[in-house]
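These are the residues of each chain, in order.
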Amino acid sequence: MTTGGWLFMLLSWGLILSLTAYCVRRVLRAPYKDL
Amino acid sequence: MREKWTSRIGIVLAVAGSAVGLGNFLRFPSQAAQNGGGAFMIPYFISFLLLGIPLMWIEWAIGRYGGLFGHGTAPLIFNRLWRHRIAKYFGAIGVFGPLAIFIYYLYIESWLLGYCVYSLTGTLGGLSTKEEMLGFLQRYQGIGSRDLFARSYLFFLAAFALNFLVIYRGVRGGIERLCKIALPLLFLFALVIVVRVFTLGAPDPARPDWSVWNGLGFLWNPDLGALLDAKVWLAAAGQILFTLSVGIGVIITYASYLSKGDDIVLSGLTASSLNEFAEVILGGSIVIPLAFAFFGSAGAREAAHSGSFNISFVTMPLIFARMGWGTLFSFLWFLLLFLAGLTSSISLIEPTVAFLGDELSVSRKRAVKIVAAATFILCQFPIFFIARGVVDDIDFWAGSFFLVVFAAAECVLFIWIFGIQRAWDELHHGSEMRVPRFYKPVIRYVTPTFLLLILGFWFFQQAIPTFLMRGVPPENVPYILATRLGLLLIFIGIALLVRKAYHGSVWGKR
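Residue numbers (my numbering), protein chains in the order written: chain A, -2 to 32; chain B, 17 to 526.
Keep in mind that a hint or two might mislead.
Output of the computed footprint for chain A on chain B, the stretches with three or more beta carbons under 8 angstroms from beta carbons of chain A [as the list claims (entries may be wrong)]:
| # | region |
| --- | --- |
| 1 | 343 to 354 |
| 2 | 363 to 376 |
Selected chain B positions facing chain A (Cβ under 7 angstroms, derived; list incomplete) [what the hints assert, rightly or not]:
| # | residue |
| --- | --- |
| 3 | Trp226 |
| 4 | Trp229 |
| 5 | Gly233 |
| 6 | Gly241 |
| 7 | Ala242 |
| 8 | Leu243 |
| 9 | Leu244 |
| 10 | Asp245 |
| 11 | Ser416 |
| 12 | Phe417 |
Hint data in this document are derived by calculation from the structure and do not stem from the laboratory. Cβ coordinates follow ideal geometry from the N, Cα and C atoms, glycine included.
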């Protein structure tokens, strides 16, 4: 894999992992409310 | 009294379950590899931000808004957004589309169930060439020989029964309970397979360059020249539309089971990000790297261009047959795809059941029985005429063309007719996070323009040739015409029911 390939892969993974971790943490941290 | 979700994680997983489907693991890697590799991710992320996330929020907001008035499907919700007689018929697409997709999707889902069993019994592991694997798939589909067809039909019956059992048990006891179990399992199985893929290295010592890492390079090495190609941008936008399950109508139905004060901004974003995790990180790390490691660059290229069916049912079983612990990994692969399919197919059938219940006052159990009987008959067409191109034709109209039409309609109705300020307030009601302010002009102008461009491009590039049946073998033409007539009759039937529901509603009685 070229440097560009690694860059695109790690950047994409980083963006998605950060967004997912942020959202899931906030959802799980929010009080469990009875919808 | 309409049902409600029992927990927020329940609806987030249900919407994520609807979005995470076969496309995440099969369509995405092949699209990325064909359209510029890593460079594909630039239009992909731009489409995610400008098209996917806004549409996701719009559908959640429309659904929750409709649910407050007892509507769980688009027809009478659209009528509330736009007091025009035509509005409810645009909304009818939100019942027709998922129903039509369900008709063939369920059949393909049942293959996955069958292949789970054939993985465990070692049948797939005993097939060593591409020709043998393709022949087995065709026998399974009843093309040519019908010796496996009875067994494949039994798997269809099992998948059909499972889907309707879940739907019969309702939103809380069926859909939510299933998604809370199936989604974590699906992620776990995919992670196990990804770890195995990353520890494979180069499986053939004689070909050290056929490695998983070079396979990842095949998918991710950027071809920046592709960014100048309009088709790449269209492919990325199309992938975002398909993968997030927006533009079908299912999120509207799921969100209608929320209450007024329930957050939708954070929940919608969480469901979207879970889908992206499944697609880009998990989906992108299995098929293409494995195809490259076992069949080299030419094999990976062939896999990327061979279409989702071939990747799933031919290429992947061949790879697992050559891997250590192949039986187990083949089973996990088909089970994860089956779970992804199941959580998507139940979301496809829920709008029709909700429509009968909410708008025609049919009890849920009776509605499920009616829909089960109708879809059982309709499912026979793709089962018996798959070799005639029936599935591809339904997929184009219901799964591509009307999806974009419906997405454009809901966007225009909610933002331009209902009004951007009311839409913005509706979105933020009960919200646990603010949508960044720059999204207001994006939702108002960029998302609808983006959608109308896609619609226009598709209309001329794909819809006209498909409508004129260019490239369809002459012997298949009668079957394609019959399929279209059938789809038209289903739409007319739904439109008549919408009319009946409208005249029975407070609006119709005015």
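Hint by hint, here is what the structure shows:
1. 343 to 354: violated (count 0)
2. 363 to 376: Violated - the region 363 to 376 of chain B has 0 residues with a Cβ nearer than 8 angstroms to chain A, which falls short of three.
3. Trp226: 13 angstroms, violated
4. Trp229: Given a least distance of 6 angstroms, the restraint on Trp229 (chain B) holds.
5. Gly233: Where the cut-off is 7 angstroms and the nearest Cβ of chain A is about 3 angstroms from Gly233 (chain B), the hint holds.
6. Gly241: Cβ of Gly241 (chain B) sits 13 angstroms from chain A, so the hint is violated.
7. Ala242: The hint is violated - Ala242 (chain B) has no Cβ within 7 angstroms of chain A, the shortest such distance being about 12 angstroms.
8. Leu243: 12 angstroms, violated
9. Leu244: Violated. Min distance 17 angstroms.
10. Asp245: Given a least distance of 17 angstroms, the restraint on Asp245 (chain B) is violated.
11. Ser416: 25 angstroms, violated
12. Phe417: The hint is violated - Phe417 (chain B) has no Cβ within 7 angstroms of chain A, the shortest such distance being about 29 angstroms.
Hint violations for this structure: numbers 1, 2, 3, 6, 7, 8, 9, 10, 11, 12, all remaining hints satisfied.
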